[in-house]
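Let the sequences and hints guide you as you build the complete structure.
Protein chains in written order, with my numbering: chain A, 1 to 427; chain B, 1 to 427.
Bear in mind the hints are in silico, worked out from the structure with no lab data behind them. Check before you lean on any hint, since a few could be wrong.
[Unchecked claim] If you want the footprint, here are the derived chain B segments under chain A, 3+ residues with CB under 8 Å:
| # | stretch |
| --- | --- |
| 1 | 54 to 60 |
| 2 | 70 to 79 |
| 3 | 100 to 108 |
| 4 | 276 to 286 |
| 5 | 292 to 303 |
[Claimed, not checked] For lysine to aspartate or glutamate, the following DMTMM-like pairs were computed, each having C-alpha atoms within a straight-line distance of at most 25 Å:
| # | chain 1 | residue 1 | chain 2 | residue 2 |
| --- | --- | --- | --- | --- |
| 6 | B | Lys126 | A | Glu122 |
| 7 | A | Lys59 | B | Glu44 |
| 8 | A | Lys152 | B | Glu122 |
| 9 | A | Lys112 | B | Asp140 |
| 10 | B | Lys126 | A | Asp212 |
| 11 | A | Lys116 | B | Asp140 |
| 12 | B | Lys116 | A | Glu122 |
| 13 | A | Lys284 | B | Glu147 |
| 14 | B | Lys112 | A | Glu122 |
| 15 | A | Lys126 | B | Glu147 |
| 16 | B | Lys152 | A | Glu122 |
Please read all numbers here as calculations on a predicted model, not as lab measurements. Ideal Cβ placement from N, Cα and C applies to all residues, glycine included.
Number of protein chains: 2
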Amino acid sequence: MSMEYCSMGKNELEEELKFVEDKYNEFKAHGLKLDMSRGKPSPEQLDLSLPMMDVVNSKSDFTSSVDCRNYGVVDGIPEAKELVAGILGVSTDEVIIFGNSSLNIMFDVVTKAVIKGIMGSEPWVKNENVKFLCPVPGYDRHFSVTEYHGIKLVNVPMTADGPDMDVVEEYVNNDSDVKGIWCVPKYSNPDGITYSDEVVKRMAALKPAAKDFRIYWDNAYCVHDLFPDDKDKLLDIFAECKKNGSEDMVYMFCSTSKVSFAGAGIAALAASKANVNDILSQLKWQTIGPDKINQLRHVRFFKDYNGILEHMKKHAELLRPKFKLVHDIFERELGGLGIGNWTNPKGGYFISFNSLEGCAKDIVETAMEAGVVLTGAGATFPYGKDPEDSNIRIAPSYPSLDELEKATELFTICVKLVTLRKLIAEK
Amino acid sequence: MSMEYCSMGKNELEEELKFVEDKYNEFKAHGLKLDMSRGKPSPEQLDLSLPMMDVVNSKSDFTSSVDCRNYGVVDGIPEAKELVAGILGVSTDEVIIFGNSSLNIMFDVVTKAVIKGIMGSEPWVKNENVKFLCPVPGYDRHFSVTEYHGIKLVNVPMTADGPDMDVVEEYVNNDSDVKGIWCVPKYSNPDGITYSDEVVKRMAALKPAAKDFRIYWDNAYCVHDLFPDDKDKLLDIFAECKKNGSEDMVYMFCSTSKVSFAGAGIAALAASKANVNDILSQLKWQTIGPDKINQLRHVRFFKDYNGILEHMKKHAELLRPKFKLVHDIFERELGGLGIGNWTNPKGGYFISFNSLEGCAKDIVETAMEAGVVLTGAGATFPYGKDPEDSNIRIAPSYPSLDELEKATELFTICVKLVTLRKLIAEK
Numbered sequence: 001m002s003m004e005y006c007s008m009g010k011n012e013l014e015e016e017l018k019f020v021e022d023k024y025n026e027f028k029a030h031g032l033k034l035d036m037s038r039g040k041p042s043p044e045q046l047d048l049s050l051p052m053m054d055v056v057n058s059k060s061d062f063t064s065s066v067d068c069r070n071y072g073v074v075d076g077i078p079e080a081k082e083l084v085a086g087i088l089g090v091s092t093d094e095v096i097i098f099g100n101s102s103l104n105i106m107f108d109v110v111t112k113a114v115i116k117g118i119m120g121s122e123p124w125v126k127n128e129n130v131k132f133l134c135p136v137p138g139y140d141r142h143f144s145v146t147e148y149h150g151i152k153l154v155n156v157p158m159t160a161d162g163p164d165m166d167v168v169e170e171y172v173n174n175d176s177d178v179k180g181i182w183c184v185p186k187y188s189n190p191d192g193i194t195y196s197d198e199v200v201k202r203m204a205a206l207k208p209a210a211k212d213f214r215i216y217w218d219n220a221y222c223v224h225d226l227f228p229d230d231k232d233k234l235l236d237i238f239a240e241c242k243k244n245g246s247e248d249m250v251y252m253f254c255s256t257s258k259v260s261f262a263g264a265g266i267a268a269l270a271a272s273k274a275n276v277n278d279i280l281s282q283l284k285w286q287t288i289g290p291d292k293i294n295q296l297r298h299v300r301f302f303k304d305y306n307g308i309l310e311h312m313k314k315h316a317e318l319l320r321p322k323f324k325l326v327h328d329i330f331e332r333e334l335g336g337l338g339i340g341n342w343t344n345p346k347g348g349y350f351i352s353f354n355s356l357e358g359c360a361k362d363i364v365e366t367a368m369e370a371g372v373v374l375t376g377a378g379a380t381f382p383y384g385k386d387p388e389d390s391n392i393r394i395a396p397s398y399p400s401l402d403e404l405e406k407a408t409e410l411f412t413i414c415v416k417l418v419t420l421r422k423l424i425a426e427k
Numbered sequence: 001m002s003m004e005y006c007s008m009g010k011n012e013l014e015e016e017l018k019f020v021e022d023k024y025n026e027f028k029a030h031g032l033k034l035d036m037s038r039g040k041p042s043p044e045q046l047d048l049s050l051p052m053m054d055v056v057n058s059k060s061d062f063t064s065s066v067d068c069r070n071y072g073v074v075d076g077i078p079e080a081k082e083l084v085a086g087i088l089g090v091s092t093d094e095v096i097i098f099g100n101s102s103l104n105i106m107f108d109v110v111t112k113a114v115i116k117g118i119m120g121s122e123p124w125v126k127n128e129n130v131k132f133l134c135p136v137p138g139y140d141r142h143f144s145v146t147e148y149h150g151i152k153l154v155n156v157p158m159t160a161d162g163p164d165m166d167v168v169e170e171y172v173n174n175d176s177d178v179k180g181i182w183c184v185p186k187y188s189n190p191d192g193i194t195y196s197d198e199v200v201k202r203m204a205a206l207k208p209a210a211k212d213f214r215i216y217w218d219n220a221y222c223v224h225d226l227f228p229d230d231k232d233k234l235l236d237i238f239a240e241c242k243k244n245g246s247e248d249m250v251y252m253f254c255s256t257s258k259v260s261f262a263g264a265g266i267a268a269l270a271a272s273k274a275n276v277n278d279i280l281s282q283l284k285w286q287t288i289g290p291d292k293i294n295q296l297r298h299v300r301f302f303k304d305y306n307g308i309l310e311h312m313k314k315h316a317e318l319l320r321p322k323f324k325l326v327h328d329i330f331e332r333e334l335g336g337l338g339i340g341n342w343t344n345p346k347g348g349y350f351i352s353f354n355s356l357e358g359c360a361k362d363i364v365e366t367a368m369e370a371g372v373v374l375t376g377a378g379a380t381f382p383y384g385k386d387p388e389d390s391n392i393r394i395a396p397s398y399p400s401l402d403e404l405e406k407a408t409e410l411f412t413i414c415v416k417l418v419t420l421r422k423l424i425a426e427k
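Spelled out as structure tokens, the structure:
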């Protein structure tokens with residue numbers, strides 16, 4: 001049983017530091033070179049979808065509602081809408097298929113709200129105080145989209161059940177400058193938290209002061225279960241909203257970036273018909289429409305929602321050992337030391353690590369000096385500023401098991417090193 | 001030899017009208033159903049690129065600067081940049097590869113100028129008088145992009161050599177609210193005019209009152225020659241700008257929509273490094289980047305600029321007879337009547353027809369009633385308003401020769417019918 005660092009005397013800490021420094025220097029000498037900064041699928045995961053490259057070929061029938069090789073159909077071919085409707089549990093006329101990037105859809109709808117407003121409301125560009133709620137820690141690229149537009153980002157604490165709904169209700173129901181909240185409701189980035197039924201119900205029951213308030217419901221990990229037989233269940237927010245007559249309040253997003261090919265998948269928005277019509281009325285000015293051949297490829301390969309779920313089981317088989325490995329090394333190396341805690345999610349792409357206050361930046365830097373690039377400390381907070389300098393997002397998907405083992409060991413050494421130095425300096 | 005309508009007496013006109021009305025009713029009885037409203041490639045043209053569907057398959061090597069199946073490389077893979085650089089005659093660091101729609105790139109750069117300004121200049125959203133010059137007749141979707149943003153659209157007459165440069169210089173060099181001009185410099189939409197060397201030189205020598213003025217140089221038909229051995233040559237505006245030190249003044253656009261697959265091609269922007277960096281600095285907030293597998297597909301299929309040119313010869317073989325057919329029918333049916341003129345372009349996608357003043361809308365409507373949908377009259381002008389109600393864009397690419405023959409004959413009948421009625425009413 002390890003001894004908690006905080007109960008060690010200065011001499012013990014210095015002895016431990018010397019030991020850890022030696023181990024760190026050993027690692028450094030190996031000349032590791034690993035990038036764990038983003039949640040990227042591994043080559044083996046990408047291999048799973050390779051047969052998709054053959055289902056559409058020169059002999060294929062390209063006919064859908066139109067010849068998929070030609071212009072037309074700005075909102076997606078019917079078969080692709082059916083596929084996405086199945087994933088998100090909506091009807092096909094509540095879906096728009098876009099290109100390969102759900103982030104780009106989010107950027108677009110926010111941009112349109114800034115320039116044109118939502119469903120006839122005042123464009124946000126005329127209001128300098130527009131605010132978005134950002135459950136923290138959260139997804140850096142969500143925060144960036146709104147930061148780009150000069151929207152004020154408001155931290156909302158995450159609880160084990162999702163965003164702190166007392167805080168959310170207080171803001172949304174009283175402040176008409178609050179126009180949105182960023183949500184990754186299932187296996188949240190980075191904490192891996194799935195919003196509880198109560199949180200979803202309270203979300204759907206919000207009475208926004210701003211009629212153009214929207215919940216930006218990025219269901220990025222909706223089918224990304226590590227344990228297909230023991231998966232988190234997310235309550236259907238859209239159904240809840242419909243019960244309350246508030247179905248215009250939510251924009252839902254998903255993509256196949258981590259289902260088929262990251263960067264060559266298809267992405268979609270789902271929302272009420274009123275929202276869909278509002279967005280389509282602007283889309284026609286903007287683009288000739290997304291790549292319909294790639295939509296066809298996805299439809300022919302996955303067929304339907306069940307096809308997606310079967311495919312995701314293969315991803316889970318590749319990802320499970322990686323999550324387990326990181327967890328086991330954390331337990332073995334850091335368990336009982338009282339210098340950090342970490343999540344053990346049932347899906348998604350991340351493990352969230354929290355160091356003692358004021359250590360995260362140094363840990364990331366120390367790891368980088370030994371050749372392991374992590375997501376920048378602070379990235380999981382608006383403006384890159386973690387007020388406690390504590391959260392670090394671990395992305396175990398990309399490296400091989402062998403690389404991941406080394407990188408995780410190094411990470412635990414860096415945690416120890418930085419924490420020890422800090423504790424010694426404070427003595 | 002036909003007699004000019006304007007020299008006919010009322011009786012002769014009425015007799016001719018009766019004859020033409022009979023022919024029109026005959027056509028109407030056939031129940032034609034043809035959509036010639038947009039410049040769409042025909043199925044046979046799309047077939048030309050079908051082998052591209054096989055060059056990337058499950059056995060392919062997906063490695064470029066990165067694994068093309070994964071995230072990364074927001075500005076395009078190096079091989080795709082080389083391909084586009086070859087087409088546009090620029091260097092690879094002057095190119096950004098985007099998704100499948102060059103219209104979407106244009107919408108994006110205009111949107112960014114509205115929200116953020118260009119290279120540090122004031123965002124257009126702060127200026128209610130921003131103007132764009134629109135050579136007319138021109139491309140409706142260009143005009144729409146700026147109309148969407150509430151930008152004032154200023155008509156500039158087209159001459160046989162391109163936009164009237166006296167007008168352009170007067171506006172651009174003196175009015176700091178003029179922020180852009182829409183150009184289709186080769187085989188212009190709809191006139192098929194290629195800008196003369198002098199026009200290009202005067203464009204490159206503009207001294208804009210606004211430092212954020214840009215020439216939106218949509219080289220949509222850069223390789224779309226009908227006569228590969230007798231093609232129009234467009235002077236390189238970027239090289240001319242470089243001579244004048246004005247290379248930041250031009251954004252160039254192109255796509256393979258009418259080279260490979262309309263809707264599943266690749267599109268690109270080329271510009272000075274300063275412009276490219278300005279755009280890239282914002283792009284990272286917006287998207288995970290375009291589909292790199294589709295870039296790979298294009299590179300492996302076309303290989304290089306020469307590969308593109310060889311491929312375009314096959315398109316020309318399919319398109320030439322269609323352009324000739326329309327031209328021949330126009331000559332035969334309308335020649336010498338003095339009721340319209342039309343272009344005979346050496347490339348591009350359109351034939352531009354000008355009726356007598358005040359007839360275009362009626363002609364389009366009359367054709368529609370007999371089952372042939374043409375581009376809306378007025379569409380070739382900002383706000384859909386042709387001040388002379390005269391220009392009609394003919395898109396001969398999509399229908400079969402047989403259908404095209406019927407549709408063109410019907411069109412000439414509609415021209416006669418509407419003109420006769422008008423002339424009789426005026427008697």
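Restraint check for A/Lys59 with B/Glu44, where alpha carbons must lie at most 25 Å apart: Given pair A/Lys59, B/Glu44 holds - Cα atoms ~14 Å apart, limit 25 Å.
For the stretch 276 to 286 of chain B, do three or more residues have a beta carbon lying closer than 8 Å to a beta carbon of chain A? holds (count 3)
Starting from B/Lys112, check that the Cα of A/Glu122 is at most 25 Å away, please. Roughly 20 Å between the alpha carbons, so the hint for B/Lys112 and A/Glu122 holds.
Is the hinted pair A/Lys116 and B/Asp140 satisfied, with a Cα-Cα distance of at most 25 Å? OK: A/Lys116 and B/Asp140 at ~21 Å, within 25 Å.
Would the hint linking A/Lys284 and B/Glu147 be met if the CA-CA limit is 25 Å? The hint holds at about 13 Å.
Tell me if chain A covers the stretch 54 to 60 of chain B under the three-residue, 8 Å CB rule, please? holds (count 5)
Can you tell me if the stretch 292 to 303 of chain B counts as covered by chain A, using C-beta to C-beta distances under 8 Å and a minimum of three residues? Satisfied; 3 residues make the cut.
For the pair supplied as a hint, A/Lys152 and B/Glu122, confirm whether the alpha-carbon distance does not exceed 25 Å. 21 Å, holds
Between B/Lys152 and A/Glu122, does the CA-CA distance stay at or below 25 Å? 21 Å, holds
Given the hinted pair B/Lys126 and A/Asp212, is their alpha-carbon gap at most 25 Å? 23 Å, holds
Whether chain A covers the stretch 100 to 108 of chain B (at least 3 residues having a Cβ closer than 8 Å to its Cβ atoms): holds (count 5)
Within a Cα-Cα threshold of 25 Å, do B/Lys126 and A/Glu122 meet the stated pairing? Distance ~16 Å between B/Lys126 and A/Glu122 Cα, so the pair holds.
Comparing the model with each numbered hint stated earlier shows that all of them hold.
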